[in-house]
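Visitor: Which chain is which? The protein sequence lines are B and U, in order.
Residue numbering for the first sequence follows our numbering, beginning at 184 and increasing consecutively.
Residue numbering for the second sequence follows our numbering, beginning at 184 and increasing consecutively.
What the hints contain is simulated information worked out from the structure, not anything from laboratory work.
Treat the hints with caution; some may be incorrect.
Identical chains share a label here; the pair holds if one copy fits it or two copies do between them.
For lysine-lysine, the following PhoX-like pairs were computed, each having C-alpha atoms within a straight-line distance of at most 20 Å [what the hints assert, rightly or not]:
1. 272 <-> 338
2. 258 <-> 272
3. 301 <-> 338
4. 222 <-> 299
5. 222 <-> 340
6. 222 <-> 337
7. 301 <-> 222
Protein chains: 2
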Amino acid sequence: MTMIGPYSFEDYLQAVESFHGSVAPGLLVGGFMVDLAMKRMPEGALLNAISETHACLPDAIQLLTPCTVGNSRLKIINFGRFALSIYEKDSGEGVRVFMDAGRLESWPTIRAWLFKLKPKAEQNRERLLAEIREAGQRLCRVQPIRVDRQHLHKKNKGRISSCIECGEPYPLQDGPICLACQGATVYVSIPDRQQGRSMHLILVKPQHPGRTSRGLVGNCGMCGEPYPESDGPVCHACQGESVRVIRD
Amino acid sequence: MTMIGPYSFEDYLQAVESFHGSVAPGLLVGGFMVDLAMKRMPEGALLNAISETHACLPDAIQLLTPCTVGNSRLKIINFGRFALSIYEKDSGEGVRVFMDAGRLESWPTIRAWLFKLKPKAEQNRERLLAEIREAGQRLCRVQPIRVDRQHLHKKNKGRISSCIECGEPYPLQDGPICLACQGATVYVSIPDRQQGRSMHLILVKPQHPGRTSRGLVGNCGMCGEPYPESDGPVCHACQGESVRVIRD
């Protein structure tokens, strides 16, 4: 029976669908790759992982190993290659698994997918998944690697302080104010209803009108109007609403 | 009963332990934050997410929303703040949830943890988890946000080609050779056994001696010795071994 990590092939498909949202080809290839890597590693070792791409592969790693982005044991370092490494946390020694393009002659549908030779709408998805299942680990190659010592250890965030601009905790090593207040934001500035505009999305920058304890009256984070903070993070009216945008 | 997304509090702890590896305080706070955000979003909307930190929060998002790093619906943009946004994929409209440091007066153990006022060994873990459970969403504030249009859509990788250095598929827009071959690597260069050294970890750079079909004799990716490629990605001998490093 084809196994991927602890899963039967069918159970792995279910796990992928539930976590990733769809049975993406990259998760199938990735499953075989992670399985191959994990079998090369000593049992009981504390393992870390690197994905050399953002696409799909990180989810196969997160499903099949103890390494996740949130526990800092999976790093995504975008070299644009569909490859991953699993290695011992302290020594950096382990294996790299990559797709061997030279072996794709016998798997034309996989080749067309990997090299994006056809638009997605023209790809035969069933055939692609069947080819991946048939090819399995024969698509992959394994290399021993050692990860450079400077990439092995988590950087310490150092002291945490409240940003004097937005009031939120941030690592002091980022500067006198947090990175977001230094301008590194992804949010657009939106006029505040409190400033007399009829646009109802409020400013991105959090407002901290000197409140230091619960039980005080503050401005609702949703509509901007005063309310008793003991009601929760937004006022009762807004607790009943989903996001609503009313334009000018 | 305290619920976090679809989970009872106890089931959420189990899900966290299984995915993240431990019941980290950041996953508990994060669970309340994600739950708060998701309740503000319209049902059935196609949602994307941003985590403003690498630490813990991405895993709460991946557990409780359809957004993962591998399906590109979760982006981690490190502003160093313990905050997240959930927003509609196309409009960018949604909510940001952050921890309100001004509300931590009543929760000294949470405050000490968030601001790292005590070394980890001196923290009272049980008390910390109990405080987080008690405080729940009262720790958080919600802001409506709109994500800047330029950050909304996935960048297309464009054409994929085989790198003429390493032979692996890579996005042609990265340059004439892939980023790794341009020098952007995390691996140290290791002497190759085939070059007569007794160090048994082989070169990181993949070797592609002109093989274009299966069934040929190639060099084993593990020990570097010639073997029939039909045996699999590594030779039979190496299929029975875990990673073994023999030094000079």
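Visitor: Hint by hint, note whether the structure agrees.
Guide: Comparing the hints with the structure gives:
1. 272 <-> 338: within (14 Å within a copy, 32 Å between copies)
2. 258 <-> 272: For residue 258 and residue 272, only the intra-copy Cα distance (12 Å) is at most 20 Å; the inter-copy one is 25 Å.
3. 301 <-> 338: between (42 Å within a copy, 18 Å between copies)
4. 222 <-> 299: Neither: 30 Å inside a chain and 38 Å across chains, both beyond 20 Å.
5. 222 <-> 340: neither (34 Å within a copy, 31 Å between copies)
6. 222 <-> 337: neither (26 Å within a copy, 34 Å between copies)
7. 301 <-> 222: neither (34 Å within a copy, 40 Å between copies)
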